[in-house]
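Using the hints, position chain X against chain U.
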Amino acid sequence: DVKVTQSSRYLVKRTGEKVFLECVQDMDHENMFWYRQDPGLGLRLIYFSYDVKMKEKGDIPEGYSVSREKKERFSLILESASTNQTSMYLCASSLWIRFNEQFFGPGTRLTVL
Amino acid sequence: DAKTTQPPSMDCAEGRAANLPCNHSTISGNEYVYWYRQIHSQGPQYIIHGLKNNETNEMASLIITEDRKSSTLILPHATLRDTAVYYCIVRVADYKLSFGAGTTVTVRA
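Protein chains in written order, with this note's numbering: chain U, 548 to 660; chain X, 5 to 113.
This is chain U alone, in the form it adopts within the complex (with noise of 0.2 Å):
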């Protein structure tokens, strides 16, 4: 079984902190995502990667910069929270030939102060 784990299920942060949400995959998995989810708008995509030390920007980057050192790890920073980036944040997985056969983790629900 595929398995995405996000580091916390909920954080609560105040404006202007550094923010760090970490995603682990076990599965091998080339494609990391990152999106958030809020009421009416949907799921929108952030950043996704397709392999270590690769980046592409989603449909909404901004405020947001990723990391990937590591195939199984795909971090979500904040550079300085904002109360608009509080959110449900989710991060999802799949193989480089399934691109949309994707996986998610259970989100990090987080609240900015």
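In case anyone wonders, no lab produced these hints; they're calculated from the structure.
Watch out, some of these pointers could steer you wrong.
Unchecked claim - Beta-carbon label-pair distances, calculated as ranges:
#	chain 1	residue 1	chain 2	residue 2	range
1	X	Leu55	U	Arg591	20 to 28 Å
2	X	Arg85	U	Lys550	16 to 24 Å
3	U	Thr562	X	Pro25	38 to 46 Å
4	U	Lys560	X	Asn57	43 to 51 Å
5	U	Ile624	X	His81	42 to 50 Å
6	U	Arg656	X	Gln49	12 to 20 Å
7	U	Ile624	X	Asn57	40 to 48 Å
8	U	Asp585	X	Ala97	26 to 34 Å
9	U	Gly563	X	Asn57	52 to 60 Å
10	X	Asn57	U	Val599	34 to 42 Å
11	U	Leu660	X	Asn58	48 to 56 Å
12	U	Asp575	X	Gln46	19 to 27 Å
13	U	Lys617	X	Thr110	38 to 46 Å
14	X	Thr9	U	Arg645	24 to 32 Å
Claimed, not checked - Stretch-level coverage of chain U by chain X, calculated; a stretch enters the list once three of its residues show a Cβ under 8 Å from a Cβ in chain X:
#	stretch
15	588 to 598
16	639 to 648
Just so it is clear, CB atoms sit at the ideal spot from N, CA and C, and this is done for glycine as well.
Below, chain X alone, put in the same frame as chain U:
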């Protein structure tokens, strides 16, 4: 990108088949139909996908019309645990997914 239209909600009885429709009349020849679902407080879960032919796996069946302008996801024996939001997504195989509003399916005992 082909746009999809799904009913906002539907109910079905536990133990019965649930048939979830999706219209995608502007689908292109190289676009696949993907289905995902999201159970409350969990991440989305991949269910099935297809291009032209009908597909079946351990979770569901996907029926695509011959003109490919619509499809139906069938959950053969719905259980209470199938209560979720179901997303129909039309995409080329190597391009990023886009999740719309989906259909909220409630399975009732």
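Quick rundown of the hints versus the structure:
Checking the proposed 20 to 28 Å range against X:Leu55 and U:Arg591 shows it holds: the Cβ atoms sit about 26 Å from each other. Distance hint check for X:Arg85 and U:Lys550: the Cβ-Cβ separation is about 19 Å, which falls inside the suggested range of 16 to 24 Å. Checked against the hint of 38 to 46 Å, the C-beta distance between U:Thr562 and X:Pro25 comes to roughly 44 Å, which is consistent with it. The given range of 43 to 51 Å is respected by U:Lys560 and X:Asn57, whose C-beta atoms sit roughly 48 Å from each other.
Separation of U:Ile624 from X:His81 is about 44 Å and conforms to the stated range, judged on CB atoms against 42 to 50 Å. Our hint of 12 to 20 Å for U:Arg656 and X:Gln49 holds, since their Cβ atoms are close to 18 Å apart. In this structure the hint that U:Ile624 and X:Asn57 lie 40 to 48 Å apart at CB holds, the actual value being about 43 Å. At about 27 Å, the beta-carbon gap between U:Asp585 and X:Ala97 stays in the expected band of 26 to 34 Å.
In this structure the supplied range 52 to 60 Å holds for U:Gly563 paired with X:Asn57, their Cβ-Cβ distance being about 53 Å. In this structure, X:Asn57 and U:Val599 meet the distance hint of 34 to 42 Å, their C-beta atoms being roughly 36 Å apart. A C-beta distance of roughly 50 Å is found between U:Leu660 and X:Asn58, which places it inside the suggested range of 48 to 56 Å. In this structure the hint that U:Asp575 and X:Gln46 lie 19 to 27 Å apart at CB holds, the actual value being about 23 Å.
Distance hint check: the CB atoms of U:Lys617 and X:Thr110 are about 41 Å apart, consistent with the given range 38 to 46 Å. Under the hint 24 to 32 Å, the C-beta atoms of X:Thr9 and U:Arg645, about 26 Å apart, fit the expected range. Three residues within the 8 Å Cβ limit are the bar, and the stretch 588 to 598 of chain U against chain X gives 4, so the coverage statement holds. Note: the stretch 639 to 648 of chain U has 4 residues with beta-carbon separation from chain X under 8 Å; the three-residue rule is met and the coverage holds.
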